[in-house]
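Asks: As a plain string of letters, each chain reads:
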Amino acid sequence: MKLELGNIIIHDIQFGNVSKVEKGIIYINKNELGALLSEDENIKSVSFEIARPGERIRILPVKDVIEPRIKVSGRGGIFPGMIAKVDTVGSGRTNVLKGAAVVTAGKIVGFQEGIIDMSGPGAEYTPFSKLNNLVVICEPVPGLAQHAHEKAVRLAGLKAAAYLGNLGKDIDADEVEIFETPSLKEGILKYPELPRVAYVQMLQTQGLLHDTYVYGVDMKQSLTTILYPTELMDGAVVSGNCVSACDKNTTYHHLNNPVVRDLYAKHGKELNFTGVIITNENVYLADKERSSDWSAKLAELLGVDGVIISQEGFGNPDTDLIMNCKKIEAKGIKTVIITDEYAGRDGASQSLADADASADAVVTGGNANMLIKLPPMEKVIGHIEAADVIAGGFDGSLKSDGSIEVELQVITGATNELGFNRLSAR
Amino acid sequence: MEKLRAVHYINQFFAQIGGEEKADHKPEAREGFVGPGMAFNAEFSGKAEIVGTVICGDSYFNENLEMATKEVLAMIKSFKPDLVIAGPAFNAGRYGMACGTVASAVKKELGIPAITGMYIENPGADSFKKEVYIIETKNSAAGMRDAVKAMVPFALKLAAGEKIGASAEEGYIPNGIRVNFFEKKRGSERAVEMLLAKLSGKPFTTEFPMPDFDRVEPNPAVKDVSKATIALVTSGGIVPKGNPDHIESSSASKYGKYDIDGIFDLTDATYETAHGGYDPVYANQDADRVLPVDILREFEKEGKIGKLHRYYYTTTGNGTAVASAKAFAEKIGKELAADGVDAVILTST
Chain S
1 MKLELGNIII HDIQFGNVSK VEKGIIYINK NELGALLSED ENIKSVSFEI
51 ARPGERIRIL PVKDVIEPRI KVSGRGGIFP GMIAKVDTVG SGRTNVLKGA
101 AVVTAGKIVG FQEGIIDMSG PGAEYTPFSK LNNLVVICEP VPGLAQHAHE
151 KAVRLAGLKA AAYLGNLGKD IDADEVEIFE TPSLKEGILK YPELPRVAYV
201 QMLQTQGLLH DTYVYGVDMK QSLTTILYPT ELMDGAVVSG NCVSACDKNT
251 TYHHLNNPVV RDLYAKHGKE LNFTGVIITN ENVYLADKER SSDWSAKLAE
301 LLGVDGVIIS QEGFGNPDTD LIMNCKKIEA KGIKTVIITD EYAGRDGASQ
351 SLADADASAD AVVTGGNANM LIKLPPMEKV IGHIEAADVI AGGFDGSLKS
401 DGSIEVELQV ITGATNELGF NRLSAR
Chain E
427 MEKLRAVHYI NQFFAQIGGE EKADHKPEAR EGFVGPGMAF NAEFSGKAEI
477 VGTVICGDSY FNENLEMATK EVLAMIKSFK PDLVIAGPAF NAGRYGMACG
527 TVASAVKKEL GIPAITGMYI ENPGADSFKK EVYIIETKNS AAGMRDAVKA
577 MVPFALKLAA GEKIGASAEE GYIPNGIRVN FFEKKRGSER AVEMLLAKLS
627 GKPFTTEFPM PDFDRVEPNP AVKDVSKATI ALVTSGGIVP KGNPDHIESS
677 SASKYGKYDI DGIFDLTDAT YETAHGGYDP VYANQDADRV LPVDILREFE
727 KEGKIGKLHR YYYTTTGNGT AVASAKAFAE KIGKELAADG VDAVILTST
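Chains S and E supply the protein sequences, listed in that same order. Numbering-wise (the working numbering), the first sequence opens with residue 1 and increments by one. Numbering-wise (the working numbering), the second sequence opens with residue 427 and increments by one.
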């Protein structure tokens, strides 16, 4: 399967009379996009803000971040099974508005929503401070139950991203990248000398408000399965969770999965990247056993020599991580796991909730319990009072001058377990 | 700025007094630097100066640990140092133990910044890495140049009270305290490189060595539950509605103790969860799902259990450090035992 990504570099987002992309600037007609998103009867009101790199803006509570993309050719549409028809994506041509994102905010759904600072010390920890963000603030109708609230905001974000993506359909790309994965047989014939490597991606599925969707399927109800890596780039996997902000994989992360990119970078040269095994992180022991059995079985079936396993979330999913690692190693397949740590504010506690001697190659995204002081900003988009209750905040996090003292875990994407960042710990 | 006063601790060998045959050399203080102290002094390049050197034979030190430590410490103190450097000991075991003992005693008893240097397999490294910063060195004195280059800037940084970074940045042997820092490459790239190294049998270093876990053996079964007082303790975050003690939704710094005297059922009007790590909808609808007060009241009435303890204890397990959880458990356990509770049902989520 072969996919061409046409990157249209975006320098700015502005509101305008006509929605369009011109000379690297996205212009948005607020009324038109607002009307589209207000079609959902569960959304009482929608408003928009723009947050650019370096601006003294704080966004909270952040639910999801989504990169605008559009299928130019090839089967299917972006976010198949969610807002496009179900069809196998990952081939043909996709245009990307690179440097831009949709950020969904508005009244808090659960506890686990995040903060994005566009400047200052907090900005160093989130990749989204480097993007031109259209912030979509969705307020739910009164009395809307949490599950329906989450779904309404999730879909609004996807729709807004698709709306923006669509503006880039006929624009010439500034750069083109090509990604190709051959069939198993072709790959073996083409690269007989190279080690065969798969990527095991664990998806957050601990339950409502903690779910991930694959072609529209709630992944907690799926068995472990296989994707071509390029399917991820077309939105086959969508975040639907409010898990702790620092180590949840936003939809943006799924579209730009760094493990996929870095394996492709060495594909055909130092390794043969065979595909992606996606597995879930359900809460029941039987599910954990079954899913990790299947990860190991599929890795064996693919005939790989090594895998990289990435995690999403922490605590309970640490057991899934270790099960996957242990069972895959037991098949004689080498593993590297990517995780993050909850070592306490002083860094002195055990970092993971589970461990095994076979997990001898670990990459860490850092200690999420580290305290950080975020100075006041000129402008807050969303609801500042959420700072005291979101995961990583505490009573008194929000100071009277508008500054916030919190654990790193509140910052969206800070300790990402796909290895998206340079942050680490020793 | 005034020059910092540094004191150097070395053994009989590095003082050029002698080898094993002189290992019983008693503590001795000399003005200025001796032996490898010259290289340290040069590397300090005017920011610090070795004002005195304390020398002790390795056998004497280890065989007279308490007395030798006292003697060495007194000599070090007499130089009124701002900074103490011990060794480096490379892979010399007894020298490593002496350097670790001296550096940690200086830090603890004199309150003066102190460091040492050792090869990672020196037994002194394992014994003292949590007490003092030990800069990792090569396994023999051939690594002295590199050791001095690593130890001097670190020692100056420590003496100046600057923020100490992660072990990988600073070069000290990991001491169990996890410190965040920015790597040069992103995590996914490091993972791919680590996997390629592992696949080709090349050396690689894990960023997080797996810990040894505490395993708690369950107590023997309660002989007669119908006579037992049973308490409920949960990490599921069930709190009286409104979370009166503001228990954090993640990384809890405290636990709550609440009176359930006369309460037969937890309802959505009276209780909720403060836990931020699971879907709260069902726990908020009926908190008995996490903290089974209703069933225990039924059992109490039917005589299946002796009685339900008057108080329940609660915290959120979500992202809460093991050290905090341990501290909560010790307090809760003591109170429960003092209150005559026979058994605890511990619910998690």
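Derived from the structure by calculation, the hints contain no laboratory data. Heads up, the beta-carbon is just placed ideally off N, CA and C, and yes, glycines get one too. Wrong hints could be hidden among the right ones.
[As the list claims (entries may be wrong)] The list that follows gives simulated cross-link-like pairs (lysine-lysine, BS3-like), each with its CA atoms no further than 27 Å apart: (1) S:K373 - E:K473; (2) S:K266 - E:K628; (3) S:K269 - E:K624; (4) E:K473 - E:K583; (5) E:K680 - S:K399; (6) E:K503 - S:K185.
[Stated by the list, open to error] If we take Cβ atoms under 8 Å as the criterion, some of the chain E residues that face chain S in the derived model are: (7) P670; (8) E674; (9) A747.
[To be verified] Residues of chain E clear of chain S, computed beta-carbon distances all greater than 10 Å: (10) E609; (11) V618; (12) I771.
Asks: Determine for every hint whether it applies to the structure shown.
Replies: Results of checking the hints against the structure:
Among the hinted pairs, K373 of chain S with K473 of chain E is inconsistent with the structure: their alpha-carbon atoms are about 33 Å apart, more than 27 Å. Note on K266 of chain S and K628 of chain E: the hinted pairing holds, with a Cα-Cα distance of about 18 Å set against a maximum of 27 Å. Straight-line distance between C-alpha atoms of K269 of chain S and K624 of chain E comes to about 17 Å, which keeps the hinted pair within the 27 Å bound. Note on K473 of chain E and K583 of chain E: the hinted pairing holds, with a Cα-Cα distance of about 11 Å set against a maximum of 27 Å.
Taken as a hint, the K680 of chain E and K399 of chain S pair is honoured in the structure, with Cα atoms around 20 Å apart against an allowance of 27 Å. Simply put, K503 of chain E and K185 of chain S have alpha-carbon atoms about 73 Å apart, too far for the 27 Å limit, and the pair is violated. This hint is violated: P670 of chain E has a C-beta 11 Å from the nearest C-beta of chain S, more than the 8 Å allowed. Checking E674 of chain E against chain S: minimum C-beta separation of about 5 Å stays under 8 Å; hint holds.
A cut of 8 Å between beta carbons decides the hint on A747 of chain E: the least distance to chain S is about 3 Å, and the hint holds. Distance to chain S contradicts E609 of chain E as a non-interface residue, since its nearest Cβ pair spans about 5 Å, not more than 10 Å. With a cut of 10 Å on Cβ distances, V618 of chain E falls inside the contact zone with chain S, its closest approach being about 5 Å. In this structure I771 of chain E is separated from chain S by more than 10 Å, as the shortest Cβ-Cβ distance comes to about 19 Å.
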